[in-house]
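K.L.:
Residue numbers (full-length UniProt numbering), protein chains in the order written: chain A, 1 to 391; chain B, 1 to 380.
Because the hints were derived from the structure by calculation, they are not lab data. For every residue, glycine included, the Cβ atom is placed at its ideal position computed from N, Cα and C. Worth double-checking, as some hints may not be accurate.
What the hints assert, rightly or not - DSS-like, lysine-lysine: derived pairs with alpha carbons at most 27 angstroms apart:
#1 193/A / 370/B
#2 375/B / 254/A
#3 381/A / 215/B
#4 100/A / 292/A
#5 370/B / 195/A
#6 381/A / 184/B
#7 381/A / 243/B
#8 174/A / 370/B
#9 93/B / 145/B
#10 163/B / 381/A
#11 370/B / 254/A
#12 386/A / 370/B
#13 370/B / 226/A
#14 381/A / 209/B
#15 269/A / 149/A
#16 220/A / 370/B
#17 375/B / 381/A
#18 182/B / 381/A
#19 375/B / 386/A
#20 126/A / 156/A
What the hints assert, rightly or not - Some chain B residues well away from chain A (every beta-carbon gap over 12 angstroms; in silico):
#21 84
#22 96
#23 104
#24 144
#25 165
#26 171
#27 188
#28 308
#29 359
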Amino acid sequence: MASILSGKEAVSFLLVKGSRPTQGARDLSTMKALILVGGFGTRLRPLTLSFPKPLVDFANKPMILHQIEALKAIGVTEVVLAINYQPEVMLNFLKDFESKLGIKITCSQETEPLGTAGPLALARDKLADESGEPFFVLNSDVISEYPFKEMIAFHKSHGGEASIMVTKVDEPSKYGVVVTEESTGKVERFVEKPKIFVGNKINAGIYLLNPSVLDRIELKPTSIEKQIFPKIASENQLYAMVLPGFWMDIGQPKDYITGLRLYLDSLRKKSASKLASGAHILGNVLVDESAKIGEGCLIGPDVAIGPGCVIESGVRLSRCTVMRGVRIKKHACISSSIIGWHSTVGRWARVENMTILGEDVHVCDEVYSNGGVVLPHKEIKASILKPEIVM
Amino acid sequence: MVKKIRVQPIYSTRKSFANMKALILVGGFGTRLRPLTLSIPKPLVDFANKPMILHQIEALKDIGVTEVVLAINYQPEVMLNFLKDFETKLGIKISCSQETEPLGTAGPLALARDKLIDDSGEPFFVLNSDVISEYPLKQMIAFHKSHGGEASIMVTKVDEPSKYGVVIMEESTGQVEKFVEKPKVFVGNKINAGIYLLNPSVLDRIELKPTSIEKETFPKIASEKLLYAMVLPGFWMDIGQPKDYITGLRLYLDSLRKNDPSKLATGPHIVGNVLVHESAKIGEGCLIGPDVAIGPGCVVESGVRLSRCTVMRGVRIKKHACISSSIIGWHSTVGQWARAENMTILGEDVHVCDEVYSNGGVVLPHKEIKASILKPEIVM
Numbered sequence: 001m002a003s004i005l006s007g008k009e010a011v012s013f014l015l016v017k018g019s020r021p022t023q024g025a026r027d028l029s030t031m032k033a034l035i036l037v038g039g040f041g042t043r044l045r046p047l048t049l050s051f052p053k054p055l056v057d058f059a060n061k062p063m064i065l066h067q068i069e070a071l072k073a074i075g076v077t078e079v080v081l082a083i084n085y086q087p088e089v090m091l092n093f094l095k096d097f098e099s100k101l102g103i104k105i106t107c108s109q110e111t112e113p114l115g116t117a118g119p120l121a122l123a124r125d126k127l128a129d130e131s132g133e134p135f136f137v138l139n140s141d142v143i144s145e146y147p148f149k150e151m152i153a154f155h156k157s158h159g160g161e162a163s164i165m166v167t168k169v170d171e172p173s174k175y176g177v178v179v180t181e182e183s184t185g186k187v188e189r190f191v192e193k194p195k196i197f198v199g200n201k202i203n204a205g206i207y208l209l210n211p212s213v214l215d216r217i218e219l220k221p222t223s224i225e226k227q228i229f230p231k232i233a234s235e236n237q238l239y240a241m242v243l244p245g246f247w248m249d250i251g252q253p254k255d256y257i258t259g260l261r262l263y264l265d266s267l268r269k270k271s272a273s274k275l276a277s278g279a280h281i282l283g284n285v286l287v288d289e290s291a292k293i294g295e296g297c298l299i300g301p302d303v304a305i306g307p308g309c310v311i312e313s314g315v316r317l318s319r320c321t322v323m324r325g326v327r328i329k330k331h332a333c334i335s336s337s338i339i340g341w342h343s344t345v346g347r348w349a350r351v352e353n354m355t356i357l358g359e360d361v362h363v364c365d366e367v368y369s370n371g372g373v374v375l376p377h378k379e380i381k382a383s384i385l386k387p388e389i390v391m
Numbered sequence: 001m002v003k004k005i006r007v008q009p010i011y012s013t014r015k016s017f018a019n020m021k022a023l024i025l026v027g028g029f030g031t032r033l034r035p036l037t038l039s040i041p042k043p044l045v046d047f048a049n050k051p052m053i054l055h056q057i058e059a060l061k062d063i064g065v066t067e068v069v070l071a072i073n074y075q076p077e078v079m080l081n082f083l084k085d086f087e088t089k090l091g092i093k094i095s096c097s098q099e100t101e102p103l104g105t106a107g108p109l110a111l112a113r114d115k116l117i118d119d120s121g122e123p124f125f126v127l128n129s130d131v132i133s134e135y136p137l138k139q140m141i142a143f144h145k146s147h148g149g150e151a152s153i154m155v156t157k158v159d160e161p162s163k164y165g166v167v168i169m170e171e172s173t174g175q176v177e178k179f180v181e182k183p184k185v186f187v188g189n190k191i192n193a194g195i196y197l198l199n200p201s202v203l204d205r206i207e208l209k210p211t212s213i214e215k216e217t218f219p220k221i222a223s224e225k226l227l228y229a230m231v232l233p234g235f236w237m238d239i240g241q242p243k244d245y246i247t248g249l250r251l252y253l254d255s256l257r258k259n260d261p262s263k264l265a266t267g268p269h270i271v272g273n274v275l276v277h278e279s280a281k282i283g284e285g286c287l288i289g290p291d292v293a294i295g296p297g298c299v300v301e302s303g304v305r306l307s308r309c310t311v312m313r314g315v316r317i318k319k320h321a322c323i324s325s326s327i328i329g330w331h332s333t334v335g336q337w338a339r340a341e342n343m344t345i346l347g348e349d350v351h352v353c354d355e356v357y358s359n360g361g362v363v364l365p366h367k368e369i370k371a372s373i374l375k376p377e378i379v380m
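Chain A on its own, in the form it takes in the complex (with noise of 0.2 angstroms):
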């Protein structure tokens, strides 16, 4: 007579079978990454603040948030924030994302400077598990198409112990250059703000490690460009793969202004369909879905519209972010600029050449500004006609 199991038996014969890990299905299940957050955003002030840097919008979005969906999308099922600034504010921004988006969001933050590896040392006890699994690690202020699962099967190709993403730039001479061979990637050395031509791929300050990587970093301050790879390099061991797409470093305002124009072109190539469209647009432009544009604007090229803002009519709006709950008035004109959340620009206003307005600032009818950065809650009742600060 064959025996038939019992319910309960079926049901633990399955589960038992279930969890046997078979070749090839949990690859990407239980991946980990650590983002490099950091300190104090500096750079990128007036608008740090108000919000700490990596909570600071990008294209109506906070700028982690591009790098946290990325990384789910390709099953990364935890992400460690490496941080030293303003734990609270992270802390609270994560609760709700760790439920809309699930997946696991924690901090670890450093109460001494690490410098760039340290931190990895850190968190340690998060980003390793038996699985062996490699995790990645993200440089905050970095924005592209974050072609993970390629770098993955990159990783896997080459059989190194370290990956790191390379991408091309005009002035090699500014950043550190990362010399390879060419056929396979592997890295020779790296050259620190090179004084003649050696290469010009640099760092674009995305890894993918293996865990062994962890048990070269001691828990002290260490440079990861300095330090830990060169050694890996000196073993033949790390190898580096030229980033598609666009990149770049969206730490400071000017760059935040480029990096926004390349992410709008990569929106156009890839999902065309969430950019505006109408008489009024030019170019690539996104406006949240609750925001208001009057009649008679002309908006774009390379601006972001965010939630909530209301733009009246007759508005000009060029390569420029304007960010949750803005007000522009009537006719204003406004150029190569950030407007802060809540700030307002009055009727026939002017800004433009990297104006960058804080929370809650509110530039008077009329007044022009160029290149003013003004600190939040203030209220500009005369031109600014030089690049100053106004605190």
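Mind docking chain B on chain A? Use the hints.
P.N.:
Coordinates of chain B only, in the frame set by chain A:
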């Protein structure tokens, strides 16, 4: 908490001061005192080694005020945490009244109405939080009772009255005739010092909407001949901006020299009036003063010259540095042989490297200064 007993007030036997209340107008963002106010709200910024608002709260406590209401519109959590500390240490009740929309200089009184009046019918004090003075509150109470009017204000003499609101009063009685805002011709040199003693009936004159006490409420009371002004004895300063903060410290220390000189530092390395917290350390060969305040936990290494400056909690000044007419914010450091002068204001956690010069640099928190600042500018 004392249980209130309802009795008919009998003036001759009542303890006049026993239940007095006070409102301190704290207001907004403190932008003029940036970068210091980027780290904590203005009333908590230290002045002469003590949070600004504590000077006022202690003076009120001294004359028997039992409850202080802070009228604020910004960062209530930070203020409330601070207050819990001081409520217990000082034995005075401190509460907050928070504006949700700007109410001007009189509206906050209407908002806090229920906290300011009770059955005692006692007048209550109103102070502007930026003001420092000797707080002759006892004399003000006596003045108020003697004229029997509805409201008393302190006035102070200034050299340049045209920048302020001038109070015109009858010399002998102090009865206020009128206010003139920023007068273009000379009409008088006494200005509103921001210290008031008001009968509860004044609250009936103020609606809960943006209202100016100087432009609307006081002129009305003056027209009814019920407003009197007393000339403030001693020093007065509005320390809401760095230049006046530094001048204010000089006046404050002058006053301390007269009233309580044992609190000032002494020694061969001290020149003029200098206040040094007991936990601060000063090295050898320094010359400190005049008009310097050094806060808790500071370390002033050897050979340092400090004059006309404030050094806040936890600052380290390294060897041979020279600082004048400046404010060094909490936990900052100034390097060896560095020179800081001419209204240099360092925010919290600013580090000036060795041998660097700052001429009026205004530096936001968490910065390192590696290159000299040759002319006054903001470093963000």
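K.L.:
Does each hint fit the structure? Answer for all of them.
P.N.:
Status of each hint after checking the structure:
Between residue 193/A and residue 370/B, the direct Cα distance comes to roughly 20 angstroms. Compliance with the 27 angstroms bound is thereby established for this hinted pair. At most 27 angstroms may separate the alpha-carbon atoms for a hinted pair to count; residue 375/B and residue 254/A meet this at roughly 25 angstroms. Taking the CA atoms of residue 381/A and residue 215/B, the gap is about 23 angstroms. The hint holds against a cut of 27 angstroms. A distance of roughly 26 angstroms separates the Cα atoms of residue 100/A and residue 292/A; the hinted pair therefore holds under the 27 angstroms criterion.
As the CA atoms of residue 370/B and residue 195/A are separated by approximately 23 angstroms, the hinted pair is consistent with the 27 angstroms bound. Using a Cα cut-off of 27 angstroms, the hinted pair residue 381/A and residue 184/B holds, with the two alpha carbons roughly 23 angstroms apart. Taking the CA atoms of residue 381/A and residue 243/B, the gap is about 23 angstroms. The hint holds against a cut of 27 angstroms. Pair hint residue 174/A plus residue 370/B holds up; C-alpha atoms about 19 angstroms apart against a cutoff of 27 angstroms.
With a C-alpha separation of about 25 angstroms, the suggested pair residue 93/B and residue 145/B falls inside the 27 angstroms cut-off, and the hint holds. In summary, the hint linking residue 163/B to residue 381/A is supported, as the alpha carbons are separated by about 19 angstroms, within the 27 angstroms threshold. Taking the CA atoms of residue 370/B and residue 254/A, the gap is near 23 angstroms; set against the 27 angstroms cutoff, the hint holds. With a C-alpha separation of about 25 angstroms, the suggested pair residue 386/A and residue 370/B falls inside the 27 angstroms cut-off, and the hint holds.
For the given pair, residue 370/B sits about 22 angstroms from residue 226/A by alpha-carbon distance, which is consistent with the 27 angstroms threshold. For the proposed pair residue 381/A and residue 209/B, the alpha carbon gap of about 24 angstroms is at most 27 angstroms, so the pair holds. Restraint check for residue 269/A and residue 149/A: the C-alpha separation of about 19 angstroms stays at or below 27 angstroms, so the hint holds. For the given pair, residue 220/A sits about 24 angstroms from residue 370/B by alpha-carbon distance, which is consistent with the 27 angstroms threshold.
Note on residue 375/B and residue 381/A: the hinted pairing holds, with a Cα-Cα distance of about 25 angstroms set against a maximum of 27 angstroms. Proximity of residue 182/B to residue 381/A is assessed by CA-CA distance (about 20 angstroms); at most 27 angstroms being required, the pair is judged to hold. Our distance criterion of 27 angstroms between C-alpha atoms is met by residue 375/B and residue 386/A, whose separation comes to about 17 angstroms. Among the hinted pairs, residue 126/A with residue 156/A is consistent with the structure: their alpha-carbon atoms are about 22 angstroms apart, no more than 27 angstroms.
With a least beta-carbon separation of about 18 angstroms from chain A, residue 84/B lies farther than 12 angstroms from that chain, consistent with its non-interface assignment. No Cβ of chain A comes within 12 angstroms of the Cβ of residue 96/B; the nearest lies about 19 angstroms off, and the non-interface call holds. Residue 104/B, annotated as away from the interface, keeps every beta carbon of chain A farther than 12 angstroms; the closest lies near 16 angstroms. Its beta-carbon lying about 36 angstroms from the closest one in chain A, residue 144/B satisfies the requirement of being farther than 12 angstroms from that chain.
The claim that residue 165/B lies off the interface holds: its Cβ sits roughly 21 angstroms from the closest Cβ of chain A, which is beyond the 12 angstroms cut-off. Against chain A, the non-interface label of residue 171/B holds: every CB pair exceeds 12 angstroms, the least being about 39 angstroms. Non-interface call for residue 188/B relative to chain A: holds, since the shortest CB-CB distance, roughly 29 angstroms, exceeds 12 angstroms. Every beta carbon of chain A lies more than 12 angstroms from that of residue 308/B, the smallest distance being close to 22 angstroms; the non-interface claim holds.
Separation of residue 359/B from chain A is adequate, the least Cβ-Cβ distance of about 17 angstroms exceeding the 12 angstroms criterion.
Checked against the numbered hints listed earlier, the structure breaks none of them; every hint is satisfied.
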